[in-house]
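Number of protein chains: 2
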Amino acid sequence: MAAQTKGPGGKQPTINDVAALAGVSKKTVSRVINRSEFLTEKTRAAVEKAIEQLGFVPNPQARALAFRRNFLIALLHDNPNAQTVLNFQRGVLDAIKDSDLALLVRPVDRGSDKLLDDVRTFLEKQRPIGAMLLPPISENDDLAALCEDLGVRYVRIGSAPLDDAKHCISSNDREVVAEAVRGLIALGHRRIGFVRGPVGFRSAAEREKGFLEALAEAGLTLPAELNAPGNYRYTAGIEAGEALLSRADPPTAIFCSNDEMAAGVMSVAHSKGIKVPGELSIIGFDDSPTATHIWPALSTVRWPIREMGIRAAQTLVPDFLSPGAKADDEGNVLPSTLVERQSVAAPPGR
Amino acid sequence: MAAQTKGPGGKQPTINDVAALAGVSKKTVSRVINRSEFLTEKTRAAVEKAIEQLGFVPNPQARALAFRRNFLIALLHDNPNAQTVLNFQRGVLDAIKDSDLALLVRPVDRGSDKLLDDVRTFLEKQRPIGAMLLPPISENDDLAALCEDLGVRYVRIGSAPLDDAKHCISSNDREVVAEAVRGLIALGHRRIGFVRGPVGFRSAAEREKGFLEALAEAGLTLPAELNAPGNYRYTAGIEAGEALLSRADPPTAIFCSNDEMAAGVMSVAHSKGIKVPGELSIIGFDDSPTATHIWPALSTVRWPIREMGIRAAQTLVPDFLSPGAKADDEGNVLPSTLVERQSVAAPPGR
DNA sequence: GGCATGCTGGACACCGGTATCAATAATTGC
DNA sequence: GCAATTATTGATACCGGTGTCCAGCATGCC
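Heads up: the sequence lines are chains A and B, in that order.
For the first sequence, the numbering used here begins at 9 and goes up steadily by one.
For the second sequence, the numbering used here begins at 9 and goes up steadily by one.
You may find that some hints are simply not true.
Identical copies look the same in the list; a pair holds intra-copy or inter-copy alike.
Cut-off 30 Å, straight-line C-alpha distance, at most; resulting in silico cross-link-like pairs (DSSO-like, lysine-lysine) [as the list claims (entries may be wrong)]: (1) 50 <-> 133; (2) 280 <-> 35; (3) 133 <-> 57; (4) 280 <-> 105; (5) 50 <-> 283; (6) 133 <-> 105; (7) 122 <-> 57; (8) 174 <-> 50; (9) 105 <-> 122; (10) 217 <-> 34; (11) 50 <-> 34; (12) 174 <-> 105; (13) 57 <-> 174; (14) 122 <-> 283; (15) 105 <-> 35.
Just so you know, these hints were derived from the structure itself, not from any lab.
Work the whole structure out from these sequences, hints included.
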């Protein structure tokens, strides 16, 4: 007698339909859905059969309302590197796959003076359980404060710890950059150029620190004329390449703070007839698709971005994930790795 | 006397709080929120003042429940080209910015035999108003049928109309490819190679059609030995490049069905010492970041992907967007454009 | 056999909005 | 000036779940 409209275009069955079919109350069905204890095996089986039969799927909006919290997490980003965002997204989705959570993606404009208002409106409207901040906006302390204020959990993804461990997933970029540069020095490079990232970016600062560290260890310094400004864009790489490679005494190797700029430097080298890696070694950072698509393929640093996505989810919402509720304090620094391709060799004289 | 817990960590004010403060019923507040007519200017002002004062933001879950539909649209994709996905996403978000809608992004695995089940589960669980299918999964008729079945609106993004206009946003890829190839012929190229896309992809077939069309117009044909298989990946470009450029009679130009494969062909040319564009012209498709990052910069076809995102939103949920409720039948074919860069020139002999 | 105890499962209120429909206020016609 | 008409508002049920709290029943104990 229960109206069980089903099938194409029809209404979705509700918990009441299930309860009626199984001959129990809706609360009992609710218990089954939420895996409550205190249930006879018999009752559980009956309810599960009814659920199966009706193809019942709980309405997430209703659950959200009743639970007084929804099951959304937000990913906020303003990243020029699409692959990074998507890989991170994949990691997060891998982590929440078997949970009730869904992911809301929100690109923002870090340049806008309404950034904070935008994010506030978004968070107030959607009320996600938590938010993930990808670099570079993860470096914005006001955003973190805003989340705190609104009672929204958050994690910040960064190149170095920015906050206490429970709010921060990072990688050891500085160390790996240093390792890469040590490699150049070991090959015999002495005049090594550097293309910086944008001013005020933590990631840029970390890469620079690693670079200078390695030079210092070898008793080398970075002459001002080999230190080029940059902003992570291809065109900045072009400009830096022009500046560094037009000199009478060009560097024999250049470390670029990301792959796009490295591609720019590489283009300049090609157009000037400078052989890479024979006459010039180049190293980038990110391991973006560009790194493998340019010729010769770029040696670079691979950021464990997908793993960071997984870890970010585990840190943000451990209570919603089944087993991997890891919360080990220091586990939130993940290792970047050096990827050696064809853009590095010994300098000409050796 | 009304309890207005506000501020950090406090509860969000509800419609009841607003009603109490404004001295009206909750239904009236609801009317204000939903811009109902039949409201005195005075009442509206009073309610709006209370909303403002309390910083009230309606709970989307509660609205979704009461409206019997949520305000989510889903973006389903399995796209190797991250930039495309992100640009499309931007377009959609631009379009829905001032609406109540939110965007749920869902990567899927087109290779999985559980694809349909995955998508079904996702749609049943989240119950979005509509779904957007990006290529290549947009070509999957079963997915479209599934949406239909579940009563979820959908639009398919493709290289050519796949369905009736109200379900399909496409671009005129065939024509633009033909235009590009005509350009090569006009420059004097006669032996033009082709690197195909993956078998069974509509996008690949369209590009091939355009290519052959232009050849036919000029009375040319594509010799089997210049027709290389591909799968849109860089490595396929490498293989195709090896096959085509190792011949005694190599082509003087190669059209590649996407940029990544073009980058592969370009790498092979570089490593064989073949000058691009002096000895070999190359054209790609997509205008991905790779196209500008490689050297020389790649001539390619730009897909109006962001505009397609906007149009997709307008087609999918015109009733939720304010003015741009365009539904003109034939307006859903958007123009791709040829982007001329430095990888094309006249063939050696001319 | 009667009673305390521990499990189960149900009745009912509630989450924060919207729909229905009747009640009330404002306007109009004559 | 009064009834008829129309514009505006409110009372109450309801959307589809969950929490609270209590009742019913089987069991163990004396």
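| Against which earlier hints does the structure fall short, listed by number upward? | 2, 4, 5, 8, 10, 13, 14
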